[in-house]
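Line order of the protein sequences matches chains A and B. Take 375 as the starting number for the first sequence in our numbering and just add one per residue. Take 375 as the starting number for the second sequence in our numbering and just add one per residue.
A few of these clues could be false.
The list makes no distinction among identical chains, and a pair is therefore deemed to hold if it is satisfied within one copy or across any two copies.
[Stated by the list, open to error] Straight-line distance between alpha carbons at most 30 Å, and here's what the computed DSS-like set of lysine-lysine pairs gives:
1. Lys539 <-> Lys400
2. Lys539 <-> Lys387
3. Lys418 <-> Lys579
4. Lys400 <-> Lys514
5. Lys400 <-> Lys579
6. Lys575 <-> Lys418
7. Lys401 <-> Lys539
8. Lys635 <-> Lys550
9. Lys579 <-> Lys635
I should point out that these hints are in silico values taken from the structure, not numbers from a laboratory.
Protein chains: 2
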Amino acid sequence: MTRQELISQIRQKESFLCVGLDPDIKKIPAHLLREPSPLYSFCKAIVDATAPYAVAYKPNLAFFEAEGTEGLEAFGLTVEYIRLNYPDILIIADAKRGDIGNTSALYARSFFNHFGVDAVTVAPYMGIDSVNPFLGHEGKWVVLLALTSNPGSADFQMLRLADGKRLFEQVLETSKSWAGPDEMMYVVGATRGELIGDVRKIVPKNFLLVPGVGAQGGSLEDVCRYGMTKDCGLLVNSSRGIIYASSDTDFAESAATEARKLRDAMSAQLQSYRK
Amino acid sequence: MTRQELISQIRQKESFLCVGLDPDIKKIPAHLLREPSPLYSFCKAIVDATAPYAVAYKPNLAFFEAEGTEGLEAFGLTVEYIRLNYPDILIIADAKRGDIGNTSALYARSFFNHFGVDAVTVAPYMGIDSVNPFLGHEGKWVVLLALTSNPGSADFQMLRLADGKRLFEQVLETSKSWAGPDEMMYVVGATRGELIGDVRKIVPKNFLLVPGVGAQGGSLEDVCRYGMTKDCGLLVNSSRGIIYASSDTDFAESAATEARKLRDAMSAQLQSYRK
Chain A
375 MTRQELISQI
385 RQKESFLCVG
395 LDPDIKKIPA
405 HLLREPSPLY
415 SFCKAIVDAT
425 APYAVAYKPN
435 LAFFEAEGTE
445 GLEAFGLTVE
455 YIRLNYPDIL
465 IIADAKRGDI
475 GNTSALYARS
485 FFNHFGVDAV
495 TVAPYMGIDS
505 VNPFLGHEGK
515 WVVLLALTSN
525 PGSADFQMLR
535 LADGKRLFEQ
545 VLETSKSWAG
555 PDEMMYVVGA
565 TRGELIGDVR
575 KIVPKNFLLV
585 PGVGAQGGSL
595 EDVCRYGMTK
605 DCGLLVNSSR
615 GIIYASSDTD
625 FAESAATEAR
635 KLRDAMSAQL
645 QSYRK
Chain B
375 MTRQELISQI
385 RQKESFLCVG
395 LDPDIKKIPA
405 HLLREPSPLY
415 SFCKAIVDAT
425 APYAVAYKPN
435 LAFFEAEGTE
445 GLEAFGLTVE
455 YIRLNYPDIL
465 IIADAKRGDI
475 GNTSALYARS
485 FFNHFGVDAV
495 TVAPYMGIDS
505 VNPFLGHEGK
515 WVVLLALTSN
525 PGSADFQMLR
535 LADGKRLFEQ
545 VLETSKSWAG
555 PDEMMYVVGA
565 TRGELIGDVR
575 KIVPKNFLLV
585 PGVGAQGGSL
595 EDVCRYGMTK
605 DCGLLVNSSR
615 GIIYASSDTD
625 FAESAATEAR
635 KLRDAMSAQL
645 QSYRK
């Protein structure tokens with residue numbers, strides 16, 4: 375999916391919602407455990423319920439891999455189902471991969487060619503040759519970890535370098551010479567809004583994938599105040615708040631309700647910034 | 375596997391060789407493509423041929439995942455085969471994972487419980503709560519990326535911090551408060567021997583998993599000069615140089631020959647440092 379296609383989706387749906395698909399076998403409604411592939415049945419129902427409000431889905435590989443080969447099969451089925459039924463929705467494999475060049479190339483082949491997702495989250499620690507193999511695939515995206523939303527982000531990402539920059543700022547500076555805003559997005563946590571402003575100074579145009587709104591305490595208003603651009607430039611992710619809104623047979627309807635609420639709040643933000 | 379068990383294996387075999395299992399479907403001998411699981415058949419043959427000389431195997435997940443669910447199945451079979459037939463050999467899943475706490479916990483469950491490996495390589499960028507879930511499993515290990523052997527390691531790992539340390543040194547400093555040398559190893563590339571000496575100043579006892587000897591240009595002598603401790607403290611990895619020593623039907627014998635050569639060189643090093 376190209377940048378322009380993503381921007382038009384956002385305009386059409388008045389939404390920049392990314393729904394995180396984190397199907398935990400211990401948390402999904404009990405009646406689904408009778409299905410041949412409980413993880414897939416869960417994701418499929420969530421997708422059908424939330425597709426009118428979402429512009430992206432972000433399945434996290436850990437939740438699928440926790441169930442071994444069956445889980446990976448459920449991942450493949452989920453991606454295929456979204457691709458066939460909702461071809462305009464971006465699919466981000468949240469895999470946080472990154473290895474030496476020839477090995478990263480295999481991960482890129484796996485995610486882009488074998489599974490057919492649009493984007494992969496990549497960890498920056500190993501530098502340019504670990505990220506490069508994910509670049510240059512037409513219509514495909516790298517979503518590079520810059521500033522994550524977890525407490526441990528303070529350990530290294532916030533470290534001050536000799537030249538005064540913090541490590542996450544250097545990751546942005548260095549990596550923006552590797553690829554432009556047509557194929558590179560960044561993960562930037564929502565937990566401290568003003569940091570999103572610092573990110574925007576370095577990458578004024580790139581889309582930011584923002585976790586941490588809701589369950590982790592970030593506010594949508596702050597994210598938009600500091601991060602929104604004229605093309606929106608944001609994908610705000612919600613996982614638990616939507617997919618586990620109910621643990622009963624009404625889980626899909628409850629997910630739809632939560633997704634719609636977020637879409638409505640996003641629509642209001644888009645309108646207020648359009649003025 | 376405990377640290378003491380690993381040390382006795384090294385003494386018994388006079389070897390600190392880790393064989394990297396990177397089974398690329400495009401590189402394995404053509405006659406194996408007729409097997410039901412070519413990747414598994416390849417790994418099984420390599421393992422049987424090299425087990426007398428190796429104290430660890432390091433299957434890299436990228437090579438298995440590139441073949442989707444079938445590849446992951448081959449990974450599971452390979453781990454099971456080693457576990458059953460060579461229970462004294464350490465199995466390191468080279469996965470370079472790392473995610474927010476609850477998600478890393480799922481990766482830990484997948485690798486330690488579902489697949490049953492002894493160790494997982496983990497990326498440090500997301501900090502303590504991304505690494506913690508891999509710790510505290512009896513007999514299991516985290517192998518944390520500190521200084522990798524690829525050119526891109528210069529981009530961030532070598533950056534100078536405000537206090538004068540380089541980032542990889544800070545990763546060692548910070549993470550050694552998370553776990554001791556009984557459950558934490560570090561990936562330290564061999565391409566510049568004196569850097570291994572800098573690593574040793576910070577983590578004098580931890581085992582180092584050292585890639586980059588051979589194909590990538592590092593020297594075994596340098597690695598030992600700068601990195602060997604009284605408990606050895608090293609696992610030196612070789613992948614391509616062993617597993618692709620021949621691409622013909624004699625691939626397993628050729629792998630054995632190369633592994634034996636490395637074991638002999640390692641044995642000489644162990645003897646010279648014992649004096």
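- request: Return the numbers of the hints above that this structure violates; sort them in rising order.
  value: Going through the list in order, the structure violates hints 1, 2, 3, 5, 6, 7 and 8 and respects the others.
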